[in-house]
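**Q** The primary structure of each chain is shown beneath.
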Amino acid sequence: MILALLIIVLLVGAVLCALADRVDRRVVRWTALIITSVDLALAIGVATLVSQGPIVFRLPWLPSWGASLHFEADGLAALMILLTTVLGVVAVLISWEEIERRSGAFHVWLLLLQVGILVVFLARDALLFYLGWELMLIPLFFIIGIWGHEDKQRAAFKFLLFTFGGSIFMLLALLYVYVRHLNLGMGGTFEIEELAKTPLSASEQWWVFLGLFIGFAVKIPLFPVHTWLPDAHTQAPTAGSLILAGVLLKTGVYGLIRLAIPLAPQAAEAFAPLIIALSLIGIYYGAVVAFAQRDFKRLVAYSSISHLGFVVLGLFVGNAAGYQGAVLQMVNHGLATGGLFLLAGIIQHRAHTRNLEVFGGLWKYAPAMGAFLLFFAFASLGIPGTGNFIGELYVIAGTFQLHHTLGALAALAVLFAAAYSLKLFLSTMHGPTARPWRAFKDLHIHESVALGILCVGLIAVGLYPKLVTQPLYFPPDRLVPTTGRVPERVIRAEAARGSLSSVSRMRSKSFSLDHEVVLVSEASK
Amino acid sequence: MTEYLRYLPDLLLGIGGTTTLLLGAWREDKAGRDFVRWLTLVFLALAGAAAFYAALFPQGVSWIVWTPLAKAFSLVFISVGIWVVLCEPPPPLRAGEWYALLQFAIIGMLVLARSSNLAALFLGIETLSLALYVLVAFRYATRTAIRGGALYLVLASFASAFLGFGLALIYTAYGTLDVTRIMQIQESPTMLTFLGHVGVGLFLVGAGFKLAAVPFHMWAPDVYEAAPSVVSGIIASASKGATLAALLPLVFLFTSHTTTLYVITVITVIAGNLLGLLEQRPKRILAYSSIAHVGYLLVGYLALVSARGESTQTSHIQEAIFFYVVGYTLAALGAFAVLGQLEDGRTLYLRDLRGLLKRHPLAAWLLMVFVVSLAGIPPTVGFLSKFYLFLEAVKAGHVGLVLWALGGSAIGVFYYTRILAQLFMSATEGVEVKVQRDRLRDVVLTATACLTILWGMTPHFVFALL
Numbered sequence: 001m002i003l004a005l006l007i008i009v010l011l012v013g014a015v016l017c018a019l020a021d022r023v024d025r026r027v028v029r030w031t032a033l034i035i036t037s038v039d040l041a042l043a044i045g046v047a048t049l050v051s052q053g054p055i056v057f058r059l060p061w062l063p064s065w066g067a068s069l070h071f072e073a074d075g076l077a078a079l080m081i082l083l084t085t086v087l088g089v090v091a092v093l094i095s096w097e098e099i100e101r102r103s104g105a106f107h108v109w110l111l112l113l114q115v116g117i118l119v120v121f122l123a124r125d126a127l128l129f130y131l132g133w134e135l136m137l138i139p140l141f142f143i144i145g146i147w148g149h150e151d152k153q154r155a156a157f158k159f160l161l162f163t164f165g166g167s168i169f170m171l172l173a174l175l176y177v178y179v180r181h182l183n184l185g186m187g188g189t190f191e192i193e194e195l196a197k198t199p200l201s202a203s204e205q206w207w208v209f210l211g212l213f214i215g216f217a218v219k220i221p222l223f224p225v226h227t228w229l230p231d232a233h234t235q236a237p238t239a240g241s242l243i244l245a246g247v248l249l250k251t252g253v254y255g256l257i258r259l260a261i262p263l264a265p266q267a268a269e270a271f272a273p274l275i276i277a278l279s280l281i282g283i284y285y286g287a288v289v290a291f292a293q294r295d296f297k298r299l300v301a302y303s304s305i306s307h308l309g310f311v312v313l314g315l316f317v318g319n320a321a322g323y324q325g326a327v328l329q330m331v332n333h334g335l336a337t338g339g340l341f342l343l344a345g346i347i348q349h350r351a352h353t354r355n356l357e358v359f360g361g362l363w364k365y366a367p368a369m370g371a372f373l374l375f376f377a378f379a380s381l382g383i384p385g386t387g388n389f390i391g392e393l394y395v396i397a398g399t400f401q402l403h404h405t406l407g408a409l410a411a412l413a414v415l416f417a418a419a420y421s422l423k424l425f426l427s428t429m430h431g432p433t434a435r436p437w438r439a440f441k442d443l444h445i446h447e448s449v450a451l452g453i454l455c456v457g458l459i460a461v462g463l464y465p466k467l468v469t470q471p472l473y474f475p476p477d478r479l480v481p482t483t484g485r486v487p488e489r490v491i492r493a494e495a496a497r498g499s500l501s502s503v504s505r506m507r508s509k510s511f512s513l514d515h516e517v518v519l520v521s522e523a524s525k
Numbered sequence: 001m002t003e004y005l006r007y008l009p010d011l012l013l014g015i016g017g018t019t020t021l022l023l024g025a026w027r028e029d030k031a032g033r034d035f036v037r038w039l040t041l042v043f044l045a046l047a048g049a050a051a052f053y054a055a056l057f058p059q060g061v062s063w064i065v066w067t068p069l070a071k072a073f074s075l076v077f078i079s080v081g082i083w084v085v086l087c088e089p090p091p092p093l094r095a096g097e098w099y100a101l102l103q104f105a106i107i108g109m110l111v112l113a114r115s116s117n118l119a120a121l122f123l124g125i126e127t128l129s130l131a132l133y134v135l136v137a138f139r140y141a142t143r144t145a146i147r148g149g150a151l152y153l154v155l156a157s158f159a160s161a162f163l164g165f166g167l168a169l170i171y172t173a174y175g176t177l178d179v180t181r182i183m184q185i186q187e188s189p190t191m192l193t194f195l196g197h198v199g200v201g202l203f204l205v206g207a208g209f210k211l212a213a214v215p216f217h218m219w220a221p222d223v224y225e226a227a228p229s230v231v232s233g234i235i236a237s238a239s240k241g242a243t244l245a246a247l248l249p250l251v252f253l254f255t256s257h258t259t260t261l262y263v264i265t266v267i268t269v270i271a272g273n274l275l276g277l278l279e280q281r282p283k284r285i286l287a288y289s290s291i292a293h294v295g296y297l298l299v300g301y302l303a304l305v306s307a308r309g310e311s312t313q314t315s316h317i318q319e320a321i322f323f324y325v326v327g328y329t330l331a332a333l334g335a336f337a338v339l340g341q342l343e344d345g346r347t348l349y350l351r352d353l354r355g356l357l358k359r360h361p362l363a364a365w366l367l368m369v370f371v372v373s374l375a376g377i378p379p380t381v382g383f384l385s386k387f388y389l390f391l392e393a394v395k396a397g398h399v400g401l402v403l404w405a406l407g408g409s410a411i412g413v414f415y416y417t418r419i420l421a422q423l424f425m426s427a428t429e430g431v432e433v434k435v436q437r438d439r440l441r442d443v444v445l446t447a448t449a450c451l452t453i454l455w456g457m458t459p460h461f462v463f464a465l466l
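In order, the protein sequences belong to chains A and B.
Under my numbering, residue 525 is the last one in the first sequence; the count climbs by one each step, no gaps.
Under my numbering, residue 466 is the last one in the second sequence; the count climbs by one each step, no gaps.
These are calculated hints, taken from the structure and not from any lab test.
Even glycine gets a Cβ: it sits at the ideal position worked out from N, Cα and C.
Treat the hints with care, as some may be off.
[Stated by the list, open to error] Computed spacing ranges between beta-carbons, pair by pair: (1) B:ALA464 to A:ASN183: 49 to 59 angstroms; (2) B:ARG351 to A:GLU150: 19 to 29 angstroms; (3) A:THR227 to B:GLY397: 29 to 39 angstroms.
The following block holds chain A by itself, in its conformation from the complex (with noise of 0.2 angstroms):
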């Protein structure tokens, strides 16, 4: 029931947001902020919840088709739901002075916008999933289109194809599985856990993979169908930013571990080297494409690309290592880029530019957001302390365990960051002062505690990872997408030198897990 809440508190808040719009800006800010609130109340309660087995909510919906409005929060579920509604609190609080124009609509899209990622990650049965996945398209498409910046409709109209191009052919790889499912004799349903039950042919499985690959592959962004991206960075209200950065991304690999994993596991591990090598590229091409940019969002969002190259290579390392780095670095990269993204919308709001070569010597007016920046740049490169670092040395042990050089390269993939986010901050804050910034404020108190959120998951994520990687493997997670090819050996040196002590705790586990999911790979041959 409490899933169902989570996303009514939503719904109700966008028609009370739509309603004070007539009364006044103000209220429809504080009510937006209550529902947001509430919902994020609701959140750590299935967060709290979970660690006791799953959350489920199931009512039925379509019988005759065999799909239901079946819910389900496990750990690795609370933990995006958690990231989605911190998110959309902190969405609100940085929206207070920035949107000025039709507030009540944009409160409404925001609102529905959660709406839309909510169910997608606690939808267990497939048409509900796509629902969601389509459900966030229109909200987004007016958040950019309307609030956005110089070039708003340009990059909302390419937002909007190349996502929805994408999930055609996610839509027919979902009808193509659950029809093999029905004339198999094995029923009608839509409910994930079934489908995955489908014994599909290698070639079969090869198809659908590629085409659930290809609809979450655009909404990563994985290298070759990035492009929509920066340009949707760049153009978004600084809370569309926000939210598309720090969840809506993390939807493609949500999707990667719940579908296309489970569905077609032999294809995902064919599929495996492919994506490897193109979440390599990624992250090289994010880095050094990121580092050439002149416009502070375009600069952030290239750097997306490249750490969301590393959750793919973790997730498709196949070992617990590379698993369990690849959601850390989605809960981190939500946070610090989030947090990028918003000292960005708090500069331009005062600059009236993004264009790093003006800026400089910044901290001289603006201390407070000069420490804000460079706590964020330094999480970004992945300092000791902060989240990201946890999150890439267990992504780069785990492309240790796969291959040396591989390892070797995502390693050096570091150093990259380091230059791009050590630019970023040099050439806003320090240097010489390029224009008289007189009017130049400091950051507001809502500004303040939007920033200090994120600040303070970062620093807990940094160092207490446990946080992220325990909810993982609360009982039972079917769904760890490891394939059992790395040598134990690997593993057991590793923690002997004690770097990755929960990787020995739950190493008797995963591999137990493991088995789990190779007999139903065995069993689907």
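Since the structure of chain A is already known, use the hints to place chain B on it.
**A** Then chain B, alone, in the frame of chain A:
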């Protein structure tokens, strides 16, 4: 006597149409206009009730048969009539003719929905088309209206000629026009004659014209643009729905013509979505959208052809097609009705939509719901109905065809979002539009938009009609 009861809805509407025609000629003032409007509503409601109960009486062999599907379609078409009467205020001149023609058009649709004989099908199409020719040119004071009406008249008669000749050849080949008889003959192992094939081919051309399937679609944008918006809505939705309803029992005719149908479907889906991309006039965009939607419906029809003989699958596909027609009708009628508020005798351009948010924000939001539904994005009925249709097509083995259709719909999203961008994202300076406001229309349109979303989540209510 009871066997005539099956014609009761048609008779009622015939009487209603004649009465409103005469009364309308008698008094042209506001009271007279309002009177014929409410009278039409009464007759439509009576016809709806009659259709609901006429299906319960025993059915003999006849030209028309009340199958559950026919009954459901009939109720939908009568509802469309009621919707139009409520939504559109009576025209200032010749209100009696307007309502009479509307009722005659619905008679044509009812005959089409229930036809079990190819002659009845022809009769239904002609009744419907005759009424629509006049309705298209109803505002004859403007030149475009006359041109549109004439264009529709010439091309639709041309199509009727194909249809008629096709029927003649089919009659020559089978010796009957009764659908069940033709089916029996075709199932017997006798060789089908060449003439029969030619007849079916010509029949397909005629039906393609009526449905505006590519390559028989040329008339659609011009006619839709010239006609009063609500009439364009009827032509796009209910009229095509009726033609398709008449084709549903005829799947067996096309079993050896699947390749032709396949090609027509693919080019309809692709062309319908491509042609609208650069269009600047919203009514023409909706015309191309309507062509694309016929393409999606043809995907369902091909699935029906492939599923021939399998009763549960057939009924599922018919349900999906019915649901799609209902969903599309809601969205198309709604979208055209909103555009109708902006018309004042001149050509409507996309940029004219910019003023809507300021002048009549409710209409802008409603148009958004309808356009999102046409684009097939949740949580609207347009998504779920498309999903159901494509699901059934994949079940029938048409994975490739569905990929074409999905690709087409991904292209089409572009022009739908252009409408949304004009509505909400563009600067409103320098845009002067007059918006005709009508309280009843606002209520009806709001209810329609609510249904569009409600049925997008809970389609059982629509399935329950069957």
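**Q** If a hint holds in the structure, say so; if it does not, say that too.
**A** Outcome of the hint check:
Taking 49 to 59 angstroms as the suggested C-beta distance range, the pair ALA464 of chain B and ASN183 of chain A does not conform, at roughly 27 angstroms. For ARG351 of chain B paired with GLU150 of chain A, a C-beta distance near 20 angstroms keeps the hint of 19 to 29 angstroms intact. At roughly 36 angstroms, the beta-carbon separation of THR227 of chain A and GLY397 of chain B lies within the given 29 to 39 angstroms, and the hint holds.
In this structure, only the earlier hint numbered 1 is contradicted, and the remaining ones agree with it.
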